[in-house]
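Protein chains in written order, with the working numbering: chain A, 15 to 382; chain B, 15 to 382.
Watch out, some of these pointers could steer you wrong.
[To be verified] Capping the alpha-carbon separation at 27 Å, the derived lysine-lysine pairs in DSSO-like fashion look like this:
hint : chain 1 : residue 1 : chain 2 : residue 2
1    : B       : K337      : A       : K120
2    : A       : K337      : B       : K337
3    : A       : K337      : B       : K120
4    : A       : K168      : B       : K337
By construction, these hints were calculated from the structure, which means they are not laboratory data.
There are 2 protein chains.
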Amino acid sequence: MSVPDITRHFEFEPVGRRLEDLETPVPVIDIDVVANNLARWQARCDKAGFGNRPHIKTHKMVPLARAQLALGARGITVQKLGEAEVMADAGITDMLLTFNILGDQKLQRLAALARRTGIKVVADNDVVVEGLGRAGQAAGRDIDVLVECDTGMKRNGVQSPEAAAALARCIAATKGLRYGGLMTYPKPGVRREAAAYIAEARGLIAKAGLETPVISTGGAPEMWSDEGLEDITEYRTGTYVFFDRSLVNRGVCAREDCGLTMLATVVSRPTPERAMIDAGTKSLTSDLLGLQGYGIIPEYGDAKIYEANEEHGYVDLSDSTAKPSVGDRVRILPNHVCPVVNLFDRVVFIRGDEVLGRVRVDARGLVQ
Amino acid sequence: MSVPDITRHFEFEPVGRRLEDLETPVPVIDIDVVANNLARWQARCDKAGFGNRPHIKTHKMVPLARAQLALGARGITVQKLGEAEVMADAGITDMLLTFNILGDQKLQRLAALARRTGIKVVADNDVVVEGLGRAGQAAGRDIDVLVECDTGMKRNGVQSPEAAAALARCIAATKGLRYGGLMTYPKPGVRREAAAYIAEARGLIAKAGLETPVISTGGAPEMWSDEGLEDITEYRTGTYVFFDRSLVNRGVCAREDCGLTMLATVVSRPTPERAMIDAGTKSLTSDLLGLQGYGIIPEYGDAKIYEANEEHGYVDLSDSTAKPSVGDRVRILPNHVCPVVNLFDRVVFIRGDEVLGRVRVDARGLVQ
Chain A
15 MSVPDITRHF
25 EFEPVGRRLE
35 DLETPVPVID
45 IDVVANNLAR
55 WQARCDKAGF
65 GNRPHIKTHK
75 MVPLARAQLA
85 LGARGITVQK
95 LGEAEVMADA
105 GITDMLLTFN
115 ILGDQKLQRL
125 AALARRTGIK
135 VVADNDVVVE
145 GLGRAGQAAG
155 RDIDVLVECD
165 TGMKRNGVQS
175 PEAAAALARC
185 IAATKGLRYG
195 GLMTYPKPGV
205 RREAAAYIAE
215 ARGLIAKAGL
225 ETPVISTGGA
235 PEMWSDEGLE
245 DITEYRTGTY
255 VFFDRSLVNR
265 GVCAREDCGL
275 TMLATVVSRP
285 TPERAMIDAG
295 TKSLTSDLLG
305 LQGYGIIPEY
315 GDAKIYEANE
325 EHGYVDLSDS
335 TAKPSVGDRV
345 RILPNHVCPV
355 VNLFDRVVFI
365 RGDEVLGRVR
375 VDARGLVQ
Chain B
15 MSVPDITRHF
25 EFEPVGRRLE
35 DLETPVPVID
45 IDVVANNLAR
55 WQARCDKAGF
65 GNRPHIKTHK
75 MVPLARAQLA
85 LGARGITVQK
95 LGEAEVMADA
105 GITDMLLTFN
115 ILGDQKLQRL
125 AALARRTGIK
135 VVADNDVVVE
145 GLGRAGQAAG
155 RDIDVLVECD
165 TGMKRNGVQS
175 PEAAAALARC
185 IAATKGLRYG
195 GLMTYPKPGV
205 RREAAAYIAE
215 ARGLIAKAGL
225 ETPVISTGGA
235 PEMWSDEGLE
245 DITEYRTGTY
255 VFFDRSLVNR
265 GVCAREDCGL
275 TMLATVVSRP
285 TPERAMIDAG
295 TKSLTSDLLG
305 LQGYGIIPEY
315 GDAKIYEANE
325 EHGYVDLSDS
335 TAKPSVGDRV
345 RILPNHVCPV
355 VNLFDRVVFI
365 RGDEVLGRVR
375 VDARGLVQ
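All chains, full assembly: derive it from the sequences and hints.
Following this line, the structure appears as structure tokens:
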């Protein structure tokens with residue numbers, strides 16, 4: 015498969031031409047790796063016959079959302095109103111917000127979004143449904159609401175197919191709303207059970223005379239597996255745009271599919287075995303996801319960042335043959351890429367060793 | 015001690031009058047608790063006879079830096095150039111940047127800062143010293159450089175008093191620089207050993223004919239202890255402005271000294287024992303600091319956030335007598351407050367239950 019050129023979606027701010035010109039720490043994103051990830055996942059969805067609804071919480075960037083849509087995504091997924099508003103301002107209208115919305119201010123913002131976009135939302139309880147109904151009425155159009163089902167994740171979601179059916183009926187009976195389907199984030203490893211739950215819920219809902227137009231599932235860890243996907247209409251995944259160390263470790267992607275690395279500088283070499291770098295938890299986060307350390311440096315034999323303070327990363331060089339000197343740049347593969355992007359106002363796009371420019375992380379830090 | 019009024023340093027953006035008017039998740043900061051923390055620590059420094067040089071990396075807000083200085087702080091500590099630039103723009107000139115600065119772009123920014131402020135910096139190796147010298151020459155004035163000493167933290171810092179003395183001589187011999195003193199961040203529990211290391215380094219440096227004008231130490235965990243502080247000239251601590259769960263746990267402060275809580279909304283009650291809230295790792299971070307869970311909710315019997323995803327917090331209500339309903343607001347005591355503030359463009363100040371307004375986190379997310 016040829017790698018599509020997605021640069022046309024970007025306006026790059028100039029920031030130098032080579033990696034050495036960049037100030038650190040800064041996330042650098044290889045645009046061709048990303049484009050390849052987007053195209054490969056879109057092809058997989060097309061072939062499997064379900065819609066691709068990428069979760070933009072990973073990248074939070076308008077140009078990447080546009081690239082995803084241009085390559086064939088059905089719409090996007092957002093996790094909060096701030097993200098939805100930024101994407102709506104960019105002219106994106108097909109959005110699913112996968113989080114219960116509550117509170118007068120937020121419901122007013124939802125109503126405003128519903129007036130100018132086709133935003134769909136989810137609910138897992140009747141307090142939320144009641145509020146959403148007010149938003150739909152304020153918007154002057156019925157908002158589609160999907161029932162979020164807890165199929166094993168033990169997070170949000172109704173607890174049984176019966177409860178899903180009851181909530182679907184409640185949505186359908188609420189002025190300002192339309193029953194929009196079923197949504198779940200299945201726990202990795204139980205997708206077949208999740209599918210059985212969803213099928214049962216859909217059957218009960220059909221008995222109540224309601225059609226289920228959308229069955230939305232998601233998750234990066236099992237994105238390539240077909241198990242339990244027979245009935246779904248769309249798939250949500252976010253991390254596939256960049257991938258990360260945790261997904262390499264789970265076998266979801268190869269090292270070379272990882273599109274984002276943290277460029278950092280070695281600021282100190284206090285001992286032969288220790289390098290200190292300028293990337294700590296305020297760049298890499300403390301997310302471990304079951305891994306050892308806060309990230310690795312592939313070019314130095316996977317040297318591990320074994321400890322991290324806010325602006326300090328502690329690198330263990332004992333297993334590295336070549337060892338970096340003070341002032342050298344290193345590129346870190348972060349454990350979990352989503353919260354990393356969320357820490358930066360701007361990131362840098364590259365193509366191989368060439369710097370393309372700086373790009374705003376449009377939807378980060380916004381109020382809720 | 016009476017609580018000083020620090021509101022005059024702030025310009026609040028209106029955001030409603032009561033906590034119920036706020037959208038969640040959002041950090042809310044009680045201004046009187048903060049003012050009390052600032053005054054109490056300043057009084058302790060005054061009484062002990064050393065300077066107070068608060069680390070603004072915790073709050074990153076100009077008005078709080080101004081309040082700290084107005085109450086008697088000698089100057090401020092910053093961890094990166096972006097923070098220093100924001101504080102310089104606000105007219106603050108006495109700053110210590112406690113991190114090795116490397117790279118042409120950063121050294122140019124340092125030179126620009128040195129032209130308009132009295133910024134001091136640190137170094138722990140000669141590569142850094144060489145670069146700082148170029149910055150001092152470009153600035154047209156000698157920059158004070160403190161030698162960072164690794165007195166047990168095993169992070170940055172020269173590894174012995176002899177190495178400290180050698181680097182002090184190197185600084186003194188470098189055009190554009192002046193030897194500015196000794197700086198350390200002692201590992202909690204070994205401050206006496208740290209003091210012995212520093213005394214020895216100072217002795218060796220004196221033998222080389224150099225005076226040590228500043229001995230700077232720091233750290234919140236042992237801020238109230240006098241051990242090993244006989245010779246210091248100034249103390250750096252950041253977290254004392256807000257305190258947090260980790261410092262309550264270490265006995266550094268009381269619950270009621272904690273000035274920042276995360277206001278969140280209960281969005282789902284899937285089971286009798288579980289509440290789901292809208293604060294996850296993108297508001298609370300994944301910092302555990304040895305604690306169980308991602309924060310606690312004092313008003314519900316210290317209910318623990320036992321798991322967190324990016325925008326989901328999982329609350330265990332099994333030990334809570336009263337249990338919140340969907341739509342209820344809760345206030346979370348976060349584990350580690352510094353990286354929490356760093357996640358938000360704006361935070362809200364309150365006085366008891368009264369909302370004062372929204373304030374920009376001036377120095378967050380800035381390039382390096």
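**Asked** Going through the earlier hints one by one, which of them does the structure break, listed in rising order?
**Response** 2
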